[in-house]
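What follows is each chain in one-letter form.
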Amino acid sequence: MPRAGILFTLMLVLMTFNVNAGQRIPYSNPMDTVKFHDSDDELLEGWHHKIDRMKFMDVYDPLESFNRQVFAFNRQLDRYFLEPVVQLYETVTPSFVRVGVANFFQNLKEVSTVLNSALQFDGERTLKSASRLVINSTLGMLGLFDPATSMGIPHKRNEFGSTLAKYGVGAGPYLVVPVIGPYSLRDVSGLVVDLSAEDHIDFTGVPSQVFAEPEVFAIYGINYRYTVPMSYDDFSSPFSYDMIRFLYTRKRKLELRVNE
Amino acid sequence: MSKRKAFCPAVFVVNVVAWAKCFSNAQSGYQPSALTEPPPIQRTKGFCHRAPIFFLSRRPDIRKQLVRCLSLLFVGPALSWAYDFPVSNPFLATVAGTPPEQQVKLNPMKVREAILGLADETVENAPDIFWDVTKPRFKLAWQEKKAPLIFIIAGTGGRFDTSKVEFLKRVYYQAGFHVIQISSPTSYDFVVSGSNTHRPGLTQQDSEDLYRLMKASVERAQSFRKVEINGWYLTGYSLGALNAAFVAQLDSEQKVFGFERVLLLNPPVSLQRSIDNLDRLLMADVPGVDDSTTLFNHFFDKLADYFRTHKSIDLDESMLFQVQKSPYALSREELALLIGVSFRLSVASMYFTSDAMTWDSNLIPKDFKLKRSDSRTPYFKKAMLCSFQCYVDKVLIPYVIEQKPVHSSQEGATSKQRRLLFEQNSLSHLEVWLKNARHVGVMHNADDFIIDQKGLDFLYDTFGRRIKIYPLGGHMGNLQYHENVRDMLGFMKGKGFPDA
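In order, the protein sequence lines correspond to chains A and B.
Residues in the first sequence are numbered from 1 upward in steps of one, following the numbering used here.
Residues in the second sequence are numbered from 1 upward in steps of one, following the numbering used here.
Keep in mind the hints are simulated off the structure, nothing from the lab.
On a predicted model such as this, the values are computed, not experimentally measured, just so you know.
Hints may be right or wrong, so weigh each one.
[As the list claims (entries may be wrong)] In silico EDC-like links for lysine to aspartate or glutamate, alpha-carbon gap of 16 Å or less:
(1) B:Lys164 - A:Asp233
(2) B:Lys382 - A:Glu159
(3) B:Lys493 - B:Asp132
(4) A:Lys109 - A:Asp58
(5) B:Lys215 - B:Glu253
(6) B:Lys145 - B:Glu113
(7) B:Lys382 - B:Glu402
(8) B:Lys369 - B:Glu124
(9) B:Lys105 - B:Glu124
(10) A:Lys251 - A:Asp58
(11) B:Lys215 - B:Glu334
(12) B:Lys164 - A:Asp234
(13) B:Lys215 - B:Glu166
(14) B:Lys105 - B:Glu483
(15) B:Lys371 - B:Asp132
(16) B:Lys226 - B:Glu144
(17) B:Lys416 - B:Asp393
(18) B:Lys110 - A:Glu90
(19) B:Lys394 - B:Glu431
(20) B:Lys369 - B:Asp128
(21) B:Lys416 - B:Glu402
(22) A:Lys251 - B:Asp301
(23) A:Lys35 - B:Asp285
(24) B:Lys454 - B:Glu423
(25) A:Lys166 - A:Glu255
(26) B:Lys454 - B:Asp276
(27) A:Lys253 - B:Asp301
(28) B:Lys215 - B:Glu121
(29) B:Lys302 - A:Glu255
(30) A:Lys35 - B:Glu124
(31) A:Lys253 - A:Asp58
(32) A:Lys251 - B:Asp305
(33) A:Lys253 - B:Asp305
(34) B:Lys135 - A:Asp233
Here chain A stands alone, though its shape is the one from the complex (with noise of 0.2 Å):
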């Protein structure tokens, strides 16, 4: 009992010091904390008044005209069409199911892969696709499953397009292809490469079903679509077009330079 007392009384004390429980917190202003060029400085003249300080949008394009086109249908095409197929595999499939199918068409994927990274002269990433390629194939069960990446050694895409790059080959015009989407004239045609190189060899078979096929070809697509992680209303802007080109450019630019 008297330690309750204490204990009361000390409370009590406390209690009437407690005289912070109201505080304001003062205001910490980050804008001190940054430094700012002079408000006449060119650089707010640049931003407010130079046209030509915007080149960094331009992109070698002849083809602007056709390609919006292009793009307007495409944007319809996904709105319409694709989002809603998309919306309806995820419903009906289990994520398990989903990642299987993603997990099948990567691996063919590698074939391209291998095949690309070797014409680099990149014998580590040939050496590693070829071994995803080989693991995946056969304990992951034709592709299904992806255990070379439990393995530690993570998918990384290469292709013809990265291969002519890598020859002194330029990007070329931009294009929107119908359908696929924002390419390079380089990388379209690499693509073309990739995937006659694919049928040709038609590892497990399964390639030249893809394409004789229908319903192959309808999976083989709606799952091309579900693994590409972006949509047109990502880009809620009149702008969207110019954006995406410029995003699309630099990130084949920044890819192409990582690998060098």
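We have chain A; now place chain B onto it with these hints.
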């Protein structure tokens, strides 16, 4: 505070209340049932029922609780300051948000939702390039049972399904709300089909547009399926919070919904201050960057260097935090520039869209009908040169003057109009109403660059106990932090803010 020092009994009462809260929390709790988050302090139910005799208890768990609550008394004020948000740089927080491991954990659950259009509100005369946004759209998420409905208004330039709105949707949906997500009046789609004047930025006018669309959305939702609603709530973040305040005020007059709770997340207080700061961010001094081309090359090179050392390109949520730990970390100036650019993109979109809809002819020649195949790049470049201030001067002021012609000298009229425009469309315009609006609360950060000391003082003076200010978070950086989500839901469920 000085008042309290002078009058000790008041301090005593305040502390008794705070202390009582410490115990009562165990029963009502700040922990929203649906959320799995680290609870602040675990207390047993039994203990609180026995509070009057707890001193006598020999049970170790109860004694432990006593020690905890006592220590809370000791460090009570300190504890209310102990906000462990891990990012202390406001610019980094704004760009990167909350690190994934500190985010609130939401249960993976199926959200029943659909994007719905308002056919009756379709605009007729929009140029062909706006084919995809001629009908206003919103997103509905419905519960299968009777539930309250919350409207969420997006921030600057944001569409109804922008990531922050989607996050808030999941929070409230999981807490049992129907949700209607509405685009910001400054977003591309809203400028075309939601706004009556197609010149967004005048908060009063924008709020009337929002209110109209909100009413139409509810009607549409109910024709779509049976949605049983037993209460109305409203929230918005950033500019959307300012809109929400004006909508709430409008509703208190027209009494269509009768909102039970309205929560404003990081609203601008003075529009003038907000846009001045946002425009200024683009002037951050980064060595080697002296125009927009060098700016983009600069970030591009930095990213390339980072990726090259990391051997892969993974653009996931935590990437920026990892970059910040590397030698390629972005400086405050670089982060400020990035934020400035992203806001500039929003202004450019708004400016161009408005111009194409109204033919104010700032960008597009009069009567020139843009087609889908026409290049918009030259307009994009021109629009990117326009700051928030430039948008106000070129679009809003001429419009306001046209609506209410003033006959004094042109120069004086413009500056007067500008002052008036900012006054009438800022949060401070609602001061008197907000002071008495017991159902409207605000959450903000003490290091948010869209306000200043004056703005923060205004919020404290106006909202009284309906305010929660966090010391960190930048602009919306702590939205997903578990404590913020807990406080948000606590306020909405009528429990007020802890230690407010």
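Original post:
Hints broken by the structure, by number, lowest first?
Top reply: 2, 3, 4, 7, 9, 11, 13, 19, 30
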